[in-house]
Structures are given as C-alpha cells and as structure tokens.
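Novice: Chain by chain, the residues:
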Amino acid sequence: MVATQEAKQTVQDVTGEYKYGFVTDIETERAPKGLSEDVIRFISAKKDEPEWLLAWRLKAYQKWLTMEEPTWAMVDYPKIDFQDIYYYSAPKSAEDGPKSLDEVDPELLRTYEKLGISLKEQEVLAGVAVDIVFDSVSVATTFRKKLKEAGIIFCSISEAAHDYPELMKKYLGSVVPVADNYYSALNSAVFTDGTFVYIPKGVRCPMELSTYFRINEANTGQFERTIIIADEGSYVSYLEGCTAPQRDENQLHAAVVELITHDDAEIKYSTVQNWYPGDKDGKGGIYNFVTKRGACRGKNSKISWTQVETGSAVTWKYPSCLLIGDGSVGEFYSVAITNNYQQADTGTKMIHIGKNTSSTIISKGISAGKSEATYRGLVRVMAGAENARNFTQCDSLLIGDKCGAHTVPYIEIKNPTAQVEHEATTSKISDEQLFYCQQRGLETEDSVALIVNGFCKDVMKNLPMEFAVEAQKLLGISLEGSVG
Amino acid sequence: MTQKRYFDTPQIATSFEAVRQFLPGADIDDFNGLRGDAMSKYMDSGLPGPKVEEWKYTNLNFLANENFDIATALPQETEIKELFEKACVKGLSGPLLVFVNGHYYKPLSPFADQKGIKLSLLSDNIQSFRVGMAVSDGDSSLNNLNRALVTDGYHLEIAPNVEMKQPLQVIHMATSGTDMTAMRYRVQIMAGAGAKAEIIESYIGVDQERYWTHGITDVMLDQGADVTIYQFQTQGRQAVHMTELHSHVADKARFSHISLQLGAEINRTELINSFTGENADIELRGAYLGRNKQSQDIFTRINHDQPNCQSNQLYRGVLDAGGKSAFQGKVIVARDAQKTNADQSNKNLLLSRKAEANAKPELLIYADDVKCSHGTTVGELDPDQLFYLRSRGMDEVTAKGLLVEAFVAEVFDDIADETLRTAFKEKTARWLAHEVTP
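If you're matching them up, the sequences are chains A and B in order.
For the first sequence, my numbering begins at 82 and goes up steadily by one.
For the second sequence, my numbering begins at 21 and goes up steadily by one.
No wet-lab data here; the hints were simulated from the structure.
Errors might be hidden in some of the hints.
Which residues of chain A face chain B? A partial, calculated answer using Cβ under 8 angstroms [to be verified]:
{"no.": "1", "residue": "Glu130"}
{"no.": "2", "residue": "Thr488"}
{"no.": "3", "residue": "Val489"}
{"no.": "4", "residue": "Glu493"}
{"no.": "5", "residue": "Lys495"}
{"no.": "6", "residue": "Ala499"}
{"no.": "7", "residue": "Ala505"}
Pairs of lysine to aspartate or glutamate residues, derived as EDC-like cross-links and limited to a Cα-Cα distance of at most 16 angstroms, are as follows [as the list claims (entries may be wrong)]:
{"no.": "8", "chain 1": "B", "residue 1": "Lys359", "chain 2": "A", "residue 2": "Asp482"}
{"no.": "9", "chain 1": "B", "residue 1": "Lys76", "chain 2": "A", "residue 2": "Glu493"}
{"no.": "10", "chain 1": "B", "residue 1": "Lys272", "chain 2": "B", "residue 2": "Glu298"}
{"no.": "11", "chain 1": "A", "residue 1": "Lys483", "chain 2": "B", "residue 2": "Asp325"}
{"no.": "12", "chain 1": "A", "residue 1": "Lys436", "chain 2": "A", "residue 2": "Glu467"}
{"no.": "13", "chain 1": "B", "residue 1": "Lys350", "chain 2": "A", "residue 2": "Glu504"}
{"no.": "14", "chain 1": "A", "residue 1": "Lys451", "chain 2": "B", "residue 2": "Asp356"}
{"no.": "15", "chain 1": "A", "residue 1": "Lys160", "chain 2": "A", "residue 2": "Glu150"}
{"no.": "16", "chain 1": "B", "residue 1": "Lys391", "chain 2": "A", "residue 2": "Asp512"}
{"no.": "17", "chain 1": "B", "residue 1": "Lys350", "chain 2": "B", "residue 2": "Glu303"}
{"no.": "18", "chain 1": "B", "residue 1": "Lys374", "chain 2": "A", "residue 2": "Glu467"}
No experiment lies behind these values; they were computed from the predicted model shown.
Where a beta carbon is used, it is the ideal one built from N, C-alpha and C, also for glycine.
Hey, can you work out the whole structure from these sequences and the hints?
Specialist: Here you go:
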C-alpha cells in the first residue's frame, strides 16, 4: 500500500505535466547540422581520437549510406531527416575539463539537483558511482578512484579510446557489428560518448555502476556507446536511467550497448527509461532506437537485462543475449508502459549456441490511452545447443479501449533436446479487481497503480533497490489520466 | 514492400499465353478478361521471396527455375482406383467428388441430389464462379496466379436450414505422368442461414512425380450456419502443396477446420478467417508431421472484427529427421471487438537431431475487454514417460510411437464421427510406422 500512496503523491506533484520537462541553457559547441564525412572528422577531432577509430567511423558511415531504414517494427512516425540533426554538441565548460565538481558549470549542477541526483549528495552517499552524460560529453565522474583500486576501469568511451586502445580495438563492435542494423551503423559513425567498463578477473564490483543520460540540446541526437566487459569470474551490476527535458521537436536517440562476459562472469544491466514521451496529443517526444546485445562468451557466464520502459514517443529496442559459452544463462525482464500516443516495439532475442544454455523471458506490457505496445522476441536454439532451456511469459494489460497490445514471438528450434515454452496472455484490469480495491476505500487511480504494480511484480523484483522505488513511482505517473 | 523482396517468374507468363485458349471459360469474354487481369496482377507483384515476413519459413525460389505446366496427363483407370482406395474414408455413405490431375473425374463421383443442396463444377458452370472469383478477398500473388490458371473445382450451395445428411467427400489426386505440372483448384462453399454441412477433403498423389497442387477455397457462412471441413493431406513425397482458405463467418455461425498434414515436400496451408457477425465461433485444429526434407508451413489468421466472438486454435507438430515445420498463427482483435475470446495452442515434438520446428504465434489486440492467449512449446518426448512404458516391457519404437500418437490424438479426439476419428488416427499411425503412402 505504501507504493500506492507514493505513486499518488507523485501524481499530485507533477499535476499532469512531465516531471522532468525543463531546459537548461548553457553555451554549447556544436558541429554543423547534418551528417557527412566532415562532421565525422569534426567529432573525431573534437575528441582527439586515434586514427584507427576515425577510420572505423568512416567505414561505418560508408556502410550506413548503403543501408535502408527498417520498417518492420509496429511503430509509425514521420520520416526522420538525418540531415536536420546536430550530431555533436558539448557543454562548453567541458572544454577546460573540470577537475572536480566545483569546476562544473553551476547551472548544470542545478539541473541535476532538479533531477534529484545532486552529485555532491551522490559522492557522499556511498554505493553508487555516477558517470553523467550530459549531451554527449562526460562532465563528471565520481568514485573512479575507489574503483581503480579494485582494478576496475569505469570511464567514458573517449577516454577508453586513449587510455585502453587495445581493449577498445578488441571489443568495440565485437557484439554489435557495424552493419548489424541501420541505427547501429549510424551510431558507429557518429557516437559521441558513452561508458566503458572493464571488470578484471575475479573481481566483484564493490558498488553498482550507474550512468544518467540526459538529452538537453534541441535537435541533437544522442548516440551513446556503452561497452561492459566482465572478465573471468567477475560480477558487475550496471544501472542506466534517463530523463529528458520537454521538447516539441522529436529527438533521435540511437544508442549501442555491448556486453561481454567471460567464464563464470555475470553482468546485470538495469534500465529505467523515462524520457519525454510527447504530450497528450502525441506531439514531441524522443525516438528511442537502441541496439543492446550481450555475448555470454565464457562457460557458465550470465547476462541479465532488466528494463522499465515508460518514456519515449517511439521505442524500438531488443536487448538480446548470445549464449555462446556452455552453461551460460540469459535473462530478460521487461515492463513497458505506453500511454497517450506512445509506441513501443520491444522484446529480446535469446540465441542458444552453447550446450546446457538457458534463458528466461518475462515481459509485461501495459497500454493505456491511444498507445501501442508490442512484444517482439526471438528464441533460437541452434542444432548444437544440447539441453537448451527457455521459458517465456508475455503478459499484456490493456487500459481503455483505444490502445493496442501485441505479441510477436518467434520460436526457432533445431535441437530435439531443447525445452522451450512460450506463453502469452492479454487482458484488461477486471471490474472485480477494481471493485475490490475501491470497496476498501482506494481511489480509482490508486487502485489501477496497485493492480499494475502487482502485474509487474515479477519484473520489478529484479531491479536493484535504487531503481525499484523510482520505477514504482514511474508506473503511477505514466498511467496518470488513463482511467476515470 | 520494396520490389526486390519479390521475384519474377517470366516462364509462367509465357505458358499462360500458350494455354489460355484451352482453359475453362475461354469463350466467355469477361471470364477470360478476369484471368488476364489476374495474370497481369501476378506478373506485377511477382512471388514473395524469403525476405517477405509471411514467407520467412517457406522459400519459393525454386519456382523461379522450375516451370510447372498445366497438368494434361491422361491417367490409367487402375492407378486412379488405387489412389482412390487409399484416400477414400470408408464406411461413409455420402456423396463423392473426385478430381484427377486437376479435372473432374465422373466415374468415381456419384452424387445424389438432395433438396436444397446445389453442387456444380467450375468446368461446366463458370458463371456461378465468376462473381465469387472477382470479389475474392485474397489478392496475394499466388491467389492471382490461381485465378489466372485454375482448371476446375466445385461450388457447393446449401439452402437455409438444410442439413447435409452425409459429409461430402472430395478427393484431389495426382497420378503418374504429372511430373513438373500444376493442378489448380477453386472451391466455393456457401452455407445459408442455419444450414449445416461437413466436407472431407483428401489430397493424395504419387511419390515419384514432382507436381504442384494449388487450391483456393472460399467459405461463406450465413447466420447460424455450421460448416466443418476435414482435411487429409497425404500428397506424394516430392509434391508442392499449397492451399489457401478464406472463411467468412456470420452471426451465431460456426466454422471448423480439422486437418492432418503429412505429405508433400513443401506444404503451405493458409487459413484466413473473418467474423462478419457476432456470437460466432471459429475452431481450427491440425496436426502436421514431417521428415525427409519435408517442410510443413501452417499459416492461420483470425480477424476478430466483431464483438462477442470466439476462436480456438489447436496445432500439434511432430518432426523427425530432415523434417521442418512452421506454425504462424495470427489473431487480430479489432478496436470494437469487445468480449472476444481467442485461444491458441501450439505444441511441437522433435524426434530427431535433424528436425526443426519454428513457431510464430502472433496476437494483435486493439480492444481491451478481451481474453486472448497463446501457448507454444517445443521439446522432445518426456524421458520419464518413455521409461515408464519401457519398464513395463514395451520396446522403444512401440513406446515412442504410443507417446507420439497420444500427443497428436488431442487434435482429433473431439471428432464426433467415429469412422472419421479413426481414419485420422490410423493415417497418423501409418506415418509413424514409416509406411510409404499413409
């Protein structure tokens, strides 16, 4: 019941407006609008990148030019003009390179305060290290020292290109190849920043690593690149959360995330995505076209994706696992909530390649208003994957009669020892459930929040503590105005 | 839909011009025109390649190289008899309709007139087909190809409140001499309000010929009508078998389709169903079995465009060495189709290392007060069950056979007519026992 009251409180707080809808005005340095080889050279020069990385970008750009925009997802949006986007913008103060938080632009700091992630607080509150990406350039990184003591590399991708070129060369594009899809090629050409994490052999990362993404400048696409490598026997839990200020123009985000686990290693990757979803009439909002993939390369390694997707106007996202090592495990826990005119086409791919591999997929979709939520997933068991196991559960909940909930699973099995189960249901919140709650004195909106939280419990319980609280509030906010 | 996803088959156009004047209805201008239009539409679109989502699991590229002419083989009476004996479900006294190599075969087709039941053939009553073919809802390239080149088929009309006393048995056979030829059928079934009918369709053919059977069926059910189609697909081992069925189900009507797919090298069975009224019922059930290069692709769609309707799908697949299957089932619930109940169950058994099962059960839902679910499983026989039977002295082959039979039997258990139910089970058992033509 506490969660419900909290949700109610939050709903009142925001009074129908997007909570994080504000714009920070700081001088930025931009690349010229549009995409060309020159812009890519500009980005590369800005970041003082090594020659090989520029060559890699240019090759990706050439590839991208030959590719077609994918149209298979069940999402509908106006055609994107890729020449009408700024591909690079950095907060100017970053040029000088702030050495500590005191040097960071005070307005920037105030922005974070509004978001409730004051760095000063963060630094004091032990446990979470934050690498903040503010419009493409990392401006502050905390707790790096502590991590360094453990041998952990936690830095921006640009730093990694300078300081750890061998690791970068080895892993960049090794899970998501440049030409994997249209947006991964675009990202490879123009990625501006992101996070690089390396956990050495046998190290259990002492804290949860976290990055807050934030789109700030109008018309700048965010092209983040994240690489996390867990070496033998290591463990890391990584949190990714995003908020964005309110905007009328649609903004494009095309991130690429690559995870690699070696023998007995584990990566837990959690996302709470609550970017600006557009207003009640479907105006504005972020386009979120993300490629996330993890490769369980080692024996008995594990990759677990947990996501709570409540934001963005259009989402196109399939965090996947390649289960290569024998005995490796892939997990996907997802809650996707769409309201108003939001569209989400999300799911996962579990590719069983090694022996005794197993995967679990739990997907909960909630559609309200005039939105559309689609689960699209693939479970493939290759001929050599002996004793593969998969369990998939996809449930959809419809709130209102103008929304849509869709399930598009693909199941492709080439080994007889596989055991694959897929189950999907679609239903609405029953009148009995609502009546039961209301009879006990709950408002309709509270009742819905309570029921939805119950519906999502199987996923929410997999979120780290920090996220679970925020995510529960988000469920309430996202569904605000959907009933009654 | 970019052009390159589809490919052209110029040979088919050439052969169309050559045979056009010999096709039924060539002397009727508007029907001839209908064929021409369908052919040019087909040529415009071309055939779907593997990049077309619906054709992900069946590759039609072979049609670019292999040219199937219209079947003209003159079959031997003894051979027809032989195939007929295998295909015919014994113990049923209903009317029979036999098509041999794409044409009606009178000697084996006794049909006694029953009041209120009208049966006519495409080859001698082209007019009754004209309307239905012009407004057919399928406009796929294969549908157009069938329209252009169809040689025969039947039109069955059941008057309101008339009940067909015995099921109509229809046998489509392909004899020797049909190598690299195509047989195209068109079927129309119209059930008036409150009418009741059962149709048993059998497809059979010889193993040594590579032929292509391509049938399109339209089923129209008026209010309260009840139509069941039973299908036995026991085509020859090299055959290409394609069927496409469109049903339209009105208020309180009930349509069932129960099939057993165990023949052909390439099978593509499409069942496209739409509700046109409320409180109606659609039931689709089937078993598909495959081994030795066989590919069984079952594609179903249920358009819940009306409220208060029910649909139920139950499919079981058994794949042995070299067999491949795809079950693609789509349920679309339209915005106002409240109180829809749609259930789908698909289970697959893999009996061998070289077997493959694919499934794509899709739910597209736009109404909120609905109950829709689907379940899919893929796995091997339960070792505990096998052990249980073995420990009671049963040899491995028999024990496995028993378990597979039980697995498939679920599809046919509800068939009321015992003769028919037994026929389905027996054919399944014979396939399991590796009999050449089940």
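Novice: Work down the list of hints and note, for each, if the structure agrees.
Specialist: Status of each hint after checking the structure:
no. : hint                : result
1   : Glu130              : 36 angstroms, violated
2   : Thr488              : 4 angstroms, holds
3   : Val489              : 5 angstroms, holds
4   : Glu493              : 5 angstroms, holds
5   : Lys495              : 5 angstroms, holds
6   : Ala499              : 6 angstroms, holds
7   : Ala505              : 5 angstroms, holds
8   : B:Lys359 - A:Asp482 : 12 angstroms, holds
9   : B:Lys76 - A:Glu493  : 11 angstroms, holds
10  : B:Lys272 - B:Glu298 : 6 angstroms, holds
11  : A:Lys483 - B:Asp325 : 15 angstroms, holds
12  : A:Lys436 - A:Glu467 : 5 angstroms, holds
13  : B:Lys350 - A:Glu504 : 15 angstroms, holds
14  : A:Lys451 - B:Asp356 : 14 angstroms, holds
15  : A:Lys160 - A:Glu150 : 10 angstroms, holds
16  : B:Lys391 - A:Asp512 : 14 angstroms, holds
17  : B:Lys350 - B:Glu303 : 14 angstroms, holds
18  : B:Lys374 - A:Glu467 : 13 angstroms, holds
Comparing the model with each numbered hint stated earlier shows that hint 1 is the single one that does not hold.
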